[in-house]
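Q: Residue strings, one per chain:
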Amino acid sequence: MKKDKEMKKKEHIRWKDLKAYIWLAPCLILLIAFVLAPVLEVFYLAFSKISAANIVKSFGTLENFQYLFHDRDFPRTMINTVIWTIAIVGISLVLSLIMALILNEEFRGRSFHRVILLLPWATSLLITAAAWKYILDYQYGALNALLIKLGIIDSGINFLGGATSSFIWMIIVGIIVTVPFMAFTLLSGLQSIPKDCYEAAYVDGVNFWNRLFHITLPLLKPSINVTIVLNVIYVFNSFAIVNTITNGAPANKTHTITTYLYYLAFGKNKYGASAALSIISFVILTIFAAVYMKMQMKEENE
Amino acid sequence: MKRKMLSLVLATAMVASMLAGCSSNNSNTEGDPTEGSATKGASTTETSGDDIVINFLGAQYSDMTEPYLREVCDKFEEQNPGVKINLEIVGWDNVSDRARALVGARQAPDIYNGGTASEYVPDDLLYNIKDVVSDELLADFYPTFLDNNRNVDDGEVYALPYVASVRALYCNAKIFNEVGIEEPPKTWDEVEAACQKIDEFYNGDVYAWGIDATTAEGQTMMAYYGWTNGGGYVDENFNWVLDSDANVEGYEWAYKLFQNGWTNENPSIDTRDNMQAMFAENKMAMLVTACFFPNLYPDTEMIIGEIPYNDKNCSSSSTLGVQDGLMIFNGNAKKEEDSPEKIQAMKDFFDFFFAAENYVQFMLNEGLLPSTQSGAEFLAEKDPAQSAYVDILEGAKFYARNLTEWTEVEKTLIANEQAMFEGTLTPREALEETQAVAGQYEH
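If you're matching them up, the sequences are chains F and Y in order.
Per the numbering used here, residue 1 is the first one in the first sequence, and the count goes up by one each step.
Per the numbering used here, residue 1 is the first one in the second sequence, and the count goes up by one each step.
Since the hints were derived computationally from the structure, they do not count as laboratory data.
It is possible that some hints are incorrect.
[To be verified] Here are the simulated DSS-like cross-link-like pairs (lysine-lysine), alpha carbons at most 25 Å apart as the crow flies: (1) Y:K197 x Y:K312; (2) Y:K283 x Y:K75; (3) Y:K397 x F:K268; (4) F:K49 x Y:K335; (5) F:K133 x Y:K283; (6) F:K57 x Y:K347.
Bound conformation, chain F alone (with noise of 0.2 Å):
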């Protein structure tokens, strides 16, 4: 909604239409309150000292900086957190398109099959990793409980024993809650293009890998542009999935930019350190999406 009226509000200034300021005048206060101030804050709590009693002492150090790039744990969590992403936001992709496809056909039971796609989502993710983590327990988890009742492994198996084992059915469960909102934005994205483009490609005899690919694909591609911008950055601040299944152990082996910067801040009272590495991962959120969407605007122009 806030985003909505942020964009009117750039059209209002042009037609100098003083009226709609003051319209706007109590969505812009509470922008300013709850969304500028606080980034602003972060700005500054990242150059400043701060005591381990979270009270700032002083203003105009970079010494918040040096202490991340001179911890060991650092690089880790930035790989994790490429990893993370690109394997969250890739693999939901390719399953959520799928998966929209086959909920755009006619069948029986189609508006039940969409209610059930949407149920993951409605659950709180804290609720969802929390399961997660009894399913995947060693001792009494369900998932070794299943496969040992279909004969399929003798004794259990470890899942959360290492950090590579324990980050992979991380990435799966961030799949798992990343699918259903993929799938409704591609499926909103394919019920918006026009039946005339596919009883056209019917009757020229067009198969369908073609039509997928020429019609369908192109079509789709707004809505995909959009459920990759802002997934990559939901899925690069997601915040519970890791809190709770592992909450970084081994040895801070799991942890992504978010998770981190929380340990940092409220684990190991580095309060400075924790605000610089929120402004690195905002650099690096508000970089991509610039380049995505230059190359997006450059493609269209060719």
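Using the hints, position chain Y against chain F.
A: Only chain Y this time, still in chain F's reference frame:
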């Protein structure tokens, strides 16, 4: 084009909102909508008429904590018209985050239970307790408890001993009976023998020994394996000695138990709660944990012993005592100085709260131990079993929580322990890397 613009705007707004969320934890701005309702409890200052309002931010020990403390506060308010206690109880995992966020916003509660006082002392945010506690009550606290809270730099006390607990070795009686072990093991050798017996008897289906290296409790390893081998966190001058030979040997021993397959598989993610549950389901035979464990599982039969020690280097065991403090924030952490009337009201409240008839019921509810001598006497009459722990407590050792850098060192130690169990660091390397961080601080 329009779509591009829309997604760009959306993207920017989302990035910005993420930063905003982060900031509201660190500092006060106009107020964070998600914290709005929760903040009211602790941050509202004197508003209603001439009433004195005391904000009390406390940690939740069990489901009984909040109702009981509420009851005590109500009784106090009844007897002291014009004084209101604003009680806010938060789960243990979050209470210190909450306190630091409030302090950063200069909206600190008046009374706070959780975290460590040493973090707040350098910024002069806490009252010296002798300024806010009556002389009678001060004299009633066990002197060792007060000493344990003494600030290393100025020798003053900035936290009231609130509640205490001790750690002990709990052995699963059912498993011990089946295997045929009669006594809890006292020494490391006896632990190994017991582990071997249990492991062979159940063919590896029961964990003989529990190790906790999680973010919540990993710091206890130094107490369980360092102290019991003559090592420890700091020397007598409060300088860190984490990589001493005694500590390294202790960690090597713990690692050996793990490698032999005698312990839980995932020390880095199996929390104390998880392991207590395993123990209660007869899947774990021995676990060092807090004295309120039996309270949580009244149906599980347990044999209680002291934390095992290495009899080659020590003559007796060392018990880990854990003490939670009550801190009283001064005007520097709040928007205004406290009036003399308010300070008097707080003194009255502490006298009331720590009066044996109010205080001991709290201990009984939670399975915790009192820090006052009158409380201990009263407990001895009411519940001799729980009272037995009080004697152990008097000889207990405590964390070096009175050091400002404690939290940072603790977290570093835990991360390196986890690396040890993952096999990327040897026990010696894990402790040396921790010492490299801790050694920067001198006292």
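Q: Is K397 (chain Y) within 25 Å of K268 (chain F), Cα to Cα?
A: Holds, at roughly 24 Å.
Q: Given the hinted pair K57 (chain F) and K347 (chain Y), is their alpha-carbon gap at most 25 Å?
A: violated (31 Å)
Q: Is the straight-line distance between the alpha-carbon of K133 (chain F) and that of K283 (chain Y) 25 Å or less?
A: Roughly 19 Å separates the two Cα atoms, so the pair holds.
Q: Just to be careful, I want the Cα atoms of K283 (chain Y) and K75 (chain Y) compared with a cutoff of 25 Å; is the pair within it?
A: violated (45 Å)
Q: Hey, K197 (chain Y) versus K312 (chain Y), does the alpha-carbon distance stay inside 25 Å?
A: holds (22 Å)
Q: Does K335 (chain Y) lie within 25 Å of K49 (chain F) when you go C-alpha to C-alpha?
A: Between K49 (chain F) and K335 (chain Y) the Cα gap is close to 21 Å, so the pair holds against 25 Å.
The structure does not agree with the numbered hints 2, 6 stated previously, though it agrees with the rest.
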